[in-house]
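The task is simple: from the sequences and hints, build the whole structure.
4 protein chains.
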Amino acid sequence: MIVVMRKGYTEEEMTGVLKRLTELGFTGHVSRGVERTVVGVVGQTYPELRDTLEMIPGVDEVVPISRPYKLSSREFQPEDTIIKVGDVTIGGDELVVIAGPCAVETEEQVLATARAVRAAGAHILRGGAFKPSTSPYHFRGLGEVGLKLLSRAREETGMPIITEVLTPSDVELVSRYADILQVGARNMQNFILLEEVGRSGKPVMLKRGMSATITEWLLSAEYILSQGNRQLMLCERGIRTFETYTRNTMDISAIPIIEKVSHLPIIADPSHGTGKWYLVAPLALAAVAAGADGLMIEVHPTPDYALKDGAQSLTFENFQRLMAQVIPVAASVGRKVAARAI
Amino acid sequence: MIVVMRKGYTEEEMTGVLKRLTELGFTGHVSRGVERTVVGVVGQTYPELRDTLEMIPGVDEVVPISRPYKLSSREFQPEDTIIKVGDVTIGGDELVVIAGPCAVETEEQVLATARAVRAAGAHILRGGAFKPSTSPYHFRGLGEVGLKLLSRAREETGMPIITEVLTPSDVELVSRYADILQVGARNMQNFILLEEVGRSGKPVMLKRGMSATITEWLLSAEYILSQGNRQLMLCERGIRTFETYTRNTMDISAIPIIEKVSHLPIIADPSHGTGKWYLVAPLALAAVAAGADGLMIEVHPTPDYALKDGAQSLTFENFQRLMAQVIPVAASVGRKVAARAI
Amino acid sequence: MIVVMRKGYTEEEMTGVLKRLTELGFTGHVSRGVERTVVGVVGQTYPELRDTLEMIPGVDEVVPISRPYKLSSREFQPEDTIIKVGDVTIGGDELVVIAGPCAVETEEQVLATARAVRAAGAHILRGGAFKPSTSPYHFRGLGEVGLKLLSRAREETGMPIITEVLTPSDVELVSRYADILQVGARNMQNFILLEEVGRSGKPVMLKRGMSATITEWLLSAEYILSQGNRQLMLCERGIRTFETYTRNTMDISAIPIIEKVSHLPIIADPSHGTGKWYLVAPLALAAVAAGADGLMIEVHPTPDYALKDGAQSLTFENFQRLMAQVIPVAASVGRKVAARAI
Amino acid sequence: MIVVMRKGYTEEEMTGVLKRLTELGFTGHVSRGVERTVVGVVGQTYPELRDTLEMIPGVDEVVPISRPYKLSSREFQPEDTIIKVGDVTIGGDELVVIAGPCAVETEEQVLATARAVRAAGAHILRGGAFKPSTSPYHFRGLGEVGLKLLSRAREETGMPIITEVLTPSDVELVSRYADILQVGARNMQNFILLEEVGRSGKPVMLKRGMSATITEWLLSAEYILSQGNRQLMLCERGIRTFETYTRNTMDISAIPIIEKVSHLPIIADPSHGTGKWYLVAPLALAAVAAGADGLMIEVHPTPDYALKDGAQSLTFENFQRLMAQVIPVAASVGRKVAARAI
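Residue numbers (our numbering), protein chains in the order written: chain A, 392 to 733; chain U, 392 to 733; chain G, 392 to 733; chain F, 392 to 733.
Simulated from the structure, these hints should not be mistaken for laboratory data.
Hints are supplied without guarantee of correctness; some may be wrong.
It does not matter which identical chain is used: a pair holds within one copy or between any two.
[To be verified] Think about it this way: if two alpha-carbon atoms lie no more than 30 Å apart in a straight line, the pair counts; the simulated BS3-like pairs of lysine-lysine are:
| hint | residue 1 | residue 2 |
| --- | --- | --- |
| 1 | K593 | K727 |
| 2 | K461 | K410 |
| 3 | K461 | K593 |
| 4 | K539 | K651 |
None of these values were measured; they are calculated from a predicted model.
Written out as structure tokens, the structure reads:
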């Protein structure tokens, strides 16, 4: 961190700054410029230190210069994290496609969807059994019944399953069924939940919060990684902006940024990212072209009868058409879509 | 809701829309205009219905026209909610001031602060025992030890205490000590936690999420109210915008809006709302002038030595000065600051 | 528009609403629902009518249901607008690449860049002679001297040139040199300028304002189109959000949205959209995959010595590498990159 | 500025950085830390220098540490700017109230409003003769006819008038009639217009752009001040956020921030800041409590018949009621509302 002194600071104030730094276990390195005098803080800093230092008399502002996340950074681990789930590899050379309904509704719905997305080339089945809903008056998922239906679909199709866990006390239950635990956007800063999935031993997908900066997202990742769980992937699903045409604004630039600053795989969710089924395909292709390691797509047998998020779900036919487009776009940026073993 | 048909829709599509509405238990009321034909949806709608209806062929968009929150609305309950905590009344004619440290650190710190804010005229003591921290590498609160220190401060000063609860499994523990449970901004859509505090029987303060619309905030309030807990107050603490000078942008307009659309008391937190101690006083006065029912202010004996959020904390002296300013501003908008019984 | 009456409106208020609509030249069509009573407004409405109607006693809110833009909409003109500039076609089957320096600095710089981007396959040369600068204390372009240097580059390379015009009184001057007039993001709502370029007879590129909704952007397009100038293309260049890692957040979803709701060609500018040269290539590829009609890329012989926006400029070598990636990605979504005639 | 070297930089890279700084006329001051090595840049820097320095090999990022605005800063001029317009003083001890219709429509409308706001205690008359409109199909003001009507109202009431100027070529015309030139939010970065009003010799009010940071706003102020025009006041009128309940989100914190970092008077416009007449009074009072030097309020004889922005205009009666509330709130923060000489 760099402590910037205010113009016209006194020597007494400078002495105070250096004394306080010493008390906190740091060394100060003074640099007097024409515009400003600054003090470099030497030692292992942490985000909250900024607030502490800004309180010292004579200090104008404190500028952080090192990234606060560690385990998730490329500096810490230069090589890519690669996650194996069954016979699927996430974060390697091949693009992974996760597909399925927003919410598990019935056995017929989940089995039909699983078969359809598998036939079209998807690798992992998604489906919500515990659903966050902005309103308490609407469908919130089938709970364990939904988890059982997902398991049945896995048995039949051989696809690993990913499903959301909403609260720490459900982690154990959901882990019994799921191959990958999903932490949703609304829970990105539910720190107790992050630690619990970190302790679960299961691969985890951490979605970006609707108004989270990339730095905050990676700090949330630290909560999981610091529990010893290194099987972590991130998922960009759109951020909240002033634009109201789309449900969220998909931040495609987050994909190459994550790739640059972190070793964690990055998945794109254009279904939540746009909120409109007819925008899912162009944004999915954009994400692949920008270097995403995978896609997560909502698919439903009859989107207009879906209990949740029908407007952003693809029909089987539209999903099949999307897969046919994904393959050449992935190839054009040097990436293969893994063929499913039959 | 209003279903807007796309230009050039077919009669077959119109028939389909009306049939689908009937299946869903609604009646459709067609209105053919020069620009557009619309179908009014008659019946008790819910937010997700919009998605369902937008999937029907021939539909251009669906426009919600009734507010999705109910129990929190003024239409449902025209008279103000008034909450009694000890001898303090929140939501009535008198302005309530909540003050104390961001985090409970030591017995000396919490007791000294409690005495100082009480002497200056505060009514309720705040202090965090369980702290959310964006980074796993920093101070996260003293836990139950912190709750015990708060209780000791209550015993000595007679002030009721408010403290944050982070996760459903802590609700029982925190309820044993706290007079008011606080749900923080990051947990505004932690729906399981909302229901748990709803069942606790304790008064609750629900902070607005950093990127939550007013409608989403009130829908989160529904989760608590619908558990039968009507002792609920809201707290505006700033929203995330592009401006980086302040930590958040305090949405002062939310105060009169909540007062108009809801019966719940509304508290303002200019400490988190601005993130800078020298902005706390002007924004506190602004909130009072705009009609807030109360203020929540961070105070620390030595802000520059605070373990958390020192930069936004007032010293005892600054808090005392603020209280001296709050009284005439409150009076100027017809509000008294309750005198503390000695 | 739909007028939503407040709950418990009186019959007198309803009579007032219908009377006012008649005065304004509209017809009201009443629809009484269980939740709400609404009045459909029949006639050719306009955005400001909403404000007018919301003032009538008994009205709760007014909901616009038709899009306020006309000439730019697909409903008005279903077939794509195709613009011919010299031998370059914009908005047709072939992807167009615009490249060049942010600002024209010297003859050597602009000529060297023109040759390099032409050799790499670009179709149109960009370069700023009049530059908007947030600070009055920095470089603001060479003015007419810059226009002359661009013309010289056109003569030598045969590439049409695009350059920004900042103020109405410069339109005539800039039109004498430029093949395409660019209206920058900061001027998207400089309505007098829009009309002036509308009258110029020159093809125009209208950049999206940093905080403009898609609807506002298309309304600005109306200003140009309504002057009889139909040679208009749009350019997405990133919007302002809370994320600070990038200069702006590139809204890739705007590309398929514009394609759906408008007939105007849509160009993507990942240089301004990201502000960082190492993000330009992935975002350029993403834009092509999402269906953009063209790219606009900043290229500089020595970005680290550029007078403006060096951090987001590609070197000749990086631009060449990008072009080699663009061709297969474009092909993968069924688009050719036009070969330059030699 | 501080140049932060990337981890593992080479000595060759460090030499390159220092050499480049020397070429640019700066001195580099190296500080080697445990986490990072940084180079302080000694000399008079400017915003674009950041981009230039970030391009040098070995540099991780460049952190600006001095504020880029000068003439508008308190460091440059510690004492408040005070502007005299007729017998009205802006920026001094007394609160100034500007009121009038959004747009000048008819002689009756503007005269009746001028009389009413004067009687209620307003000091300056506002009214738009040239109006920016998002759509080309709607009312855009009466032009010079409107200016004449405003002059007539000034003659009759003695109130100075403020009106917007939209384009550089109108500055001369508008200056002939207006006492204060207003630059609207959409033109905050219309730099040519800023310079032109800077040269006009007239007092200017510069509104904050809808998505402008405080730093950008003050940089736009520099354009006016650097032309030698020091009679400049700023106006906060709401920023664009994700919240859709209000037209904009009024950033009340901008008021004390401007007061801290700049000597320019700061006016609040709660009419545009909220877009809803029933929010104007609470936000006006909030602005006064936060320390605003003045208010700008839209008033209309019959808001429901207004050609523009009726929904945010107060009736005469509501304006009178507001003035009665403003006086005690201003007094409570030590400010008088100047009495109008009769």
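Now for the hints, and whether the structure bears them out:
no. : hint           : in the structure
1   : K593 with K727 : within (26 Å within a copy, 45 Å between copies)
2   : K461 with K410 : within (28 Å within a copy, 32 Å between copies)
3   : K461 with K593 : within (21 Å within a copy, 40 Å between copies)
4   : K539 with K651 : neither (39 Å within a copy, 41 Å between copies)
The structure fails to meet hint 4 from the earlier list, while all remaining hints are met.
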